[in-house]
Amino acid sequence: MTCVIPSIPVDTLRDRMGSRAMAERIPLWAHIEIIATCNFKCQHCYIAPCAERQDVMSPANARILFDKLERAGTLSLLLTGGEVLTHKNFKEIYLDAKRRGFLLYVNTNAYLLGERWADFFAEWPPEYFSISLYGLSNERYQEVTGIPNSFTKVCKALDLLAERGLTYGLKCPAMSITVDEIPAMHEFAKARGTKFRYDPIINPQEKGDVSPLHLQLAPKDVVDLEERMSPGMKEFKDFYGRYTHEPTNQVYRCGGGRIVMAINVHGGVSTCLSSRQAVGNLFEQPFEEVWEMIGGKVTKKFPDGHPCASCRFRLMCAGCPATVEQVAGLPEGYVQQYCAITHLRAHRMGIHPTGVPRTVTEGIPAHVRTPVGATARALPVLVS
Amino acid sequence: MTAEFKRGDRFVYRHIAGEHLLVALHQDRVAPLFTFSPTGASLWRELGEWSSVERLTEHLVNRYDVSREDAARDVMAFLEQLSSLNALETREVTP
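Residue numbers (our numbering), protein chains in the order written: chain A, 4 to 387; chain B, 95 to 189.
Fair warning: there could be bad hints in the mix.
[To be verified] Label-pair distances were calculated between CB atoms; the ranges are:
1. A:E292 - B:K100: 38 to 44 Å
2. B:H120 - A:K91: 23 to 29 Å
3. A:E146 - B:H109: 48 to 54 Å
4. A:R231 - B:N180: 18 to 24 Å
5. B:V124 - A:A165: 41 to 47 Å
6. B:P132 - A:D202: 23 to 29 Å
7. A:E118 - B:N180: 23 to 29 Å
8. A:M296 - B:S146: 48 to 54 Å
9. B:E174 - A:D70: 57 to 63 Å
10. A:Q280 - B:G102: 52 to 58 Å
11. B:G112 - A:R66: 23 to 29 Å
[Claimed, not checked] To list a few chain A residues with every Cβ distance to chain B over 12 Å, as calculated:
12. E27
13. A54
14. F124
15. N284
16. F286
17. K303
18. V359
Simulated from the structure, these hints should not be mistaken for laboratory data.
All values derive from a computational prediction rather than experimental measurement.
Every residue gets a Cβ at the ideal spot worked out from N, C-alpha and C, and that includes glycine.
Given only the sequences and the hints, what does the whole structure look like? Please build it.
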């Protein structure tokens with residue numbers, strides 16, 4: 004018998020818990036949108052432009068969630084928005100979660116993160132801040148966010164976090180108005196000793212406005228950027244080499260709805276933050292009922308003849324069921340633009356002969372849902 | 095004088111996915127979370143109230159198939175670990 008605390012590295016412990024959670028469908032992670040409004044007016048945003056003043060989670064409703072998630076076995080919470088630091092009860096909600104023993108992650112644009120916030124976080128640290136970076140000058144920031152002098156303020160916030168030993172990473176949507184600075188942003192992050200990631204997929208607004216899609220990079224531009232960021236596509240090759248790639252007709256292959264869920268300001272539950280279609284409501288229903296509903300969603304299968312069901316590049320696909328759902332209306336839909344990026348990626352990696360998906364030459368089966376109307380017209384499919 | 099121990103308020107215990115976890119609330123440690131064995135978790139629950147080495151040893155002996163000597167050694171090792179994590183409060187009391 005021993006009661007001692009084993010010396011297990013945290014990553015090993017997380018892997019062990021992740022494996023068990025996957026096997027037993029334990030909701031280890033919850034992404035909670037505590038406010039939908041934001042102090043930035045970003046051109047690409049799919050949440051805040053649709054948000055109303057009342058789209059804010061109250062501390063009482065947050066408490067309802069925390070009670071249920073604590074009992075369900077959730078360990079990590081991502082608090083996100085909108086911009087979380089504009090929530091007038093942020094500290095109350097954050098401390099409620101913290102004191103219950105959730106590991107906290109915070110999404111923020113860092114614009115409001117001054118000395119007082121930094122001191123607060125130094126006392127009650129989150130595991131990680133995921134901070135949006137939109138450029139490397141006030142001019143570029145203003146172009147993307149609409150807010151003057153915001154780069155200067157964000158840099159100051161990063162300094163305050165670093166001075167207090169708080170951990171953060173930087174991220175940027177790679178789109179037509181940021182793509183030229185992505186490599187320099189990566190260098191900026193490296194110089195600060197932190198991680199940087201970019202996402203080349205832009206989504207339409209939650210209520211259907213497709214204007215953000217006009218910022219989406221064409222497939223060739225996405226892959227050119229990837230090659231510039233990782234010469235020889237080394238990162239993709241390394242990633243691809245780690246897994247087997249048997250095609251499957253399972254729509255969901257990620258942790259969404261299995262170990263992860265997202266909860267919006269009104270309690271609506273979806274598979275992840277990228278999915279805006281709520282399945283059940285945790286303010287109104289028991290956890291088990293909602294979890295079962297979302298569990299049903301992630302067992303979906305592709306219809307016969309769906310191009311993704313026979314694809315061996317799905318693990319490195321530019322899209323996912325949630326982003327497909329946003330543009331095609333269903334997670335089992337098909338978005339040729341994602342497919343074009345993925346096949347061009349595979350071609351540059353030397354594992355596809357042409358880089359052109361077969362749906363371009365053979366067509367998309369008529370029974371497979373695809374983007375229509377303004378959404379379809381806004382997506383740059385094979386245009387450079 | 096006898097030493098007594100109680101768990102501090104700088105950590106929170108969680109039992110998730112089969113792991114007995116000690117989650118740190120503040121920044122002054124090497125990792126955000128630690129894991130206990132089930133017997134460690136049982137002692138942590140006992141440490142909700144002030145308790146002595148003798149009482150904690152008794153707790154283990156009553157629940158597990160273990161000699162008093164081994165149990166006392168484990169309790170001491172466990173308390174030392176908690177102490178090094180700043181997870182324990184201690185006091186001296188007159189028996």
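Structure-based check of each hint:
no. : hint                        : in the structure
1   : A:E292 - B:K100: 38 to 44 Å : holds, 40 Å
2   : B:H120 - A:K91: 23 to 29 Å  : holds, 25 Å
3   : A:E146 - B:H109: 48 to 54 Å : holds, 49 Å
4   : A:R231 - B:N180: 18 to 24 Å : violated, 47 Å
5   : B:V124 - A:A165: 41 to 47 Å : violated, 19 Å
6   : B:P132 - A:D202: 23 to 29 Å : violated, 42 Å
7   : A:E118 - B:N180: 23 to 29 Å : holds, 26 Å
8   : A:M296 - B:S146: 48 to 54 Å : holds, 51 Å
9   : B:E174 - A:D70: 57 to 63 Å  : violated, 35 Å
10  : A:Q280 - B:G102: 52 to 58 Å : violated, 44 Å
11  : B:G112 - A:R66: 23 to 29 Å  : holds, 27 Å
12  : E27                         : violated, 7 Å
13  : A54                         : holds, 32 Å
14  : F124                        : violated, 9 Å
15  : N284                        : holds, 24 Å
16  : F286                        : holds, 23 Å
17  : K303                        : holds, 25 Å
18  : V359                        : holds, 44 Å
When held up to the earlier numbered hints, the structure conflicts with 4, 5, 6, 9, 10, 12, 14 and fits the remainder.
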